[in-house]
Amino acid sequence: MNERSRIVNILREKEYFTLVGHILPDGDSIGSLLALGEALSNLGKQVKIYLPGIVPRKYMFLRGSEKFLTEGMELSPGTVAIAVDCSDLERLGPFSETIKQARCLLNIDHHITNQHYGTENLIDTKAAATGEIIFHLLADLEIPLTDSIAEALYVAVSTDTGSFKYDNTTPETHRIAADLLEYNVHPGVLSQRIFDERPLSYYLLLREALSSLELLCDSRIAVITISKEMLKRSGTTVEEIDGMINYTRDIEGVELGIMFYVESSEEVKIGFRSKTIDVSALAQKMNGGGHPRAAGCRVNAPYLAVKEKVIQEAEILLKKPCVRFSEAAWTGS
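Residue numbers are given in the working numbering: position 317 of the sequence shown equals residue 317, and the series is strictly consecutive.
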């Protein structure tokens with residue numbers, strides 16, 4: 001019996017489930033959690049869903065998003081824990097230590113950097129989104145889709161493919177999307193809410209972020225930096241940073257986009273985006289992970305030291321020395 005079959009049997013036979021997503025949750029994580037959670041509940045299972053942080057504003061319209069728990073996780077001996085769309089345990093944030101104690105931990109994910117930390121691991125790196133894996137699991141379980149499950153899965157798949165424009169989009173992705181559209185799912189409305197509508201505060205932050213833009217290595221690398229002070233001035237939250245890094249990658253001629261978020265004097269979050277190169281390898285060098293074209297990491301060190309190290313690794317990746325940036329370019333504001 002393969003791992004997928006074993007997981008299907010566990011989902012069918014067990015009664016108590018605790019689902020958990022990763023820090024800074026995205027559409028794939030949220031959509032997959034909601035879809036799996038509702039499906040198991042419809043089978044009569046007892047389900048709790050935890051999220052290490054608030055639901056980003058653009059996903060609050062999803063049915064069931066108000067049911068996420070953000071604290072107080074406890075696992076009884078008979079509870080099956082399920083980590084969804086999470087490449088490693090540390091990305092479960094405050095829930096990681098509790099999840100480590102689970103007697104049965106299902107790890108369902110599509111990241112190439114997944115560390116196979118579960119007692120059962122269903123990792124499909126060919127899937128464009130974890131939502132695709134959930135879709136097939138529900139089919140194996142013969143659980144009928146509902147409008148809300150279909151909508152959640154459509155959000156999962158569409159967000160991790162950049163509205164089906166990233167090169168991880170496959171024929172299977174479109175087949176799944178077509179099946180989901182047979183339900184009460186409105187792609188135009190969903191696209192507007194997720195990809196287009198932004199509060200004014202987002203654009204105020206974006207203006208500051210783009211003013212920090214640096215082009216390195218003959219404009220093959222684009223870098224932006226965001227600080228907590230920028231968030232305060234613009235009235236945004238850290239969840240709203242999501243997507244800003246794409247502006248670096250989208251510049252003509254840029255092969256590697258990098259975004260630094262300076263959380264404190266000794267902690268920096270880094271995002272990587274690319275058009276052709278494998279940035280997951282770059283993130284792994286700094287104990288991060290992700291996908292070949294989108295990855296990230298968190299480093300506990302001063303910003304300028306982190307930036308220097310990242311640019312050095314980028315030089316190796318691009319096989320070309322970069323002109324050194326000036327420390328004066330960063331004021332910490």
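Keep in mind that the hints are not guaranteed to be accurate.
Derived Cβ-Cβ restraints for the label pairs, each shown as a range [stated by the list, open to error]:
| id | residue 1 | residue 2 | range |
| --- | --- | --- | --- |
| 1 | Glu97 | Glu13 | 24 to 30 Å |
| 2 | Gly44 | Asp179 | 33 to 39 Å |
| 3 | Asn287 | Leu141 | 40 to 46 Å |
| 4 | Pro171 | Ala301 | 41 to 47 Å |
| 5 | Asp147 | Ala301 | 36 to 42 Å |
DSBU-like cross-link-like pairs, simulated, lysine-lysine; straight-line CA separation at most 35 Å [as the list claims (entries may be wrong)]:
| id | residue 1 | residue 2 |
| --- | --- | --- |
| 6 | Lys309 | Lys100 |
| 7 | Lys232 | Lys165 |
| 8 | Lys269 | Lys232 |
| 9 | Lys232 | Lys319 |
| 10 | Lys228 | Lys48 |
| 11 | Lys228 | Lys309 |
| 12 | Lys165 | Lys269 |
| 13 | Lys285 | Lys165 |
| 14 | Lys269 | Lys100 |
| 15 | Lys228 | Lys269 |
| 16 | Lys228 | Lys100 |
| 17 | Lys165 | Lys126 |
| 18 | Lys309 | Lys67 |
| 19 | Lys309 | Lys319 |
| 20 | Lys67 | Lys100 |
| 21 | Lys232 | Lys285 |
For the record, the hints were derived by calculation from the structure and aren't laboratory data. Remember, it's a predicted structure, so these values are computed and weren't measured experimentally. For each residue, glycine too, the CB sits at the ideal point set by N, CA and C.
Hint consistency between Lys232 and Lys165 [alpha-carbon to alpha-carbon, up to 35 Å]:
With a Cα-Cα distance of about 33 Å, the restraint between Lys232 and Lys165 holds, given a limit of 35 Å.
For the pair supplied as a hint, Lys228 and Lys100, confirm whether the alpha-carbon distance does not exceed 35 Å.
holds, 31 Å
Holds or violated: Lys228 and Lys48, Cα atoms, limit 35 Å.
holds, 33 Å
If you draw a straight line from the CA of Lys309 to the CA of Lys100, is it 35 Å or shorter?
holds, 31 Å
Take the C-beta atom of Glu97 and the C-beta atom of Glu13, compute their distance, and say whether it sits inside 24 to 30 Å.
Because 27 Å falls inside the window, the suggested range holds.
Hint consistency between Lys228 and Lys309 [alpha-carbon to alpha-carbon, up to 35 Å]:
holds, 22 Å
35 Å limit on alpha-carbon distance, applied to hinted pair Lys232 and Lys285
holds, 31 Å
Quickly compare the C-alpha distance for Lys67 and Lys100 to 35 Å and report which way the hint goes.
holds, 23 Å
Between the alpha carbons of Lys269 and Lys100, is the straight-line distance 35 Å or under?
Holds, because 24 Å separates the two Cα atoms, which is no more than 35 Å.
Hinted pair, alpha-carbon criterion (35 Å max): Lys232, Lys319. Please report holds or violated.
It is violated: about 38 Å lies between the C-alpha atoms, which goes past 35 Å.
Pro171 and Ala301, beta-carbon distance inside 41 to 47 Å?
holds, 43 Å
Looking only at beta-carbon atoms, does the pair Asp147, Ala301 fall within the given range of 36 to 42 Å?
violated, 47 Å
In summary, the numbered hints that this structure violates are 2, 3, 5, 9, 18.
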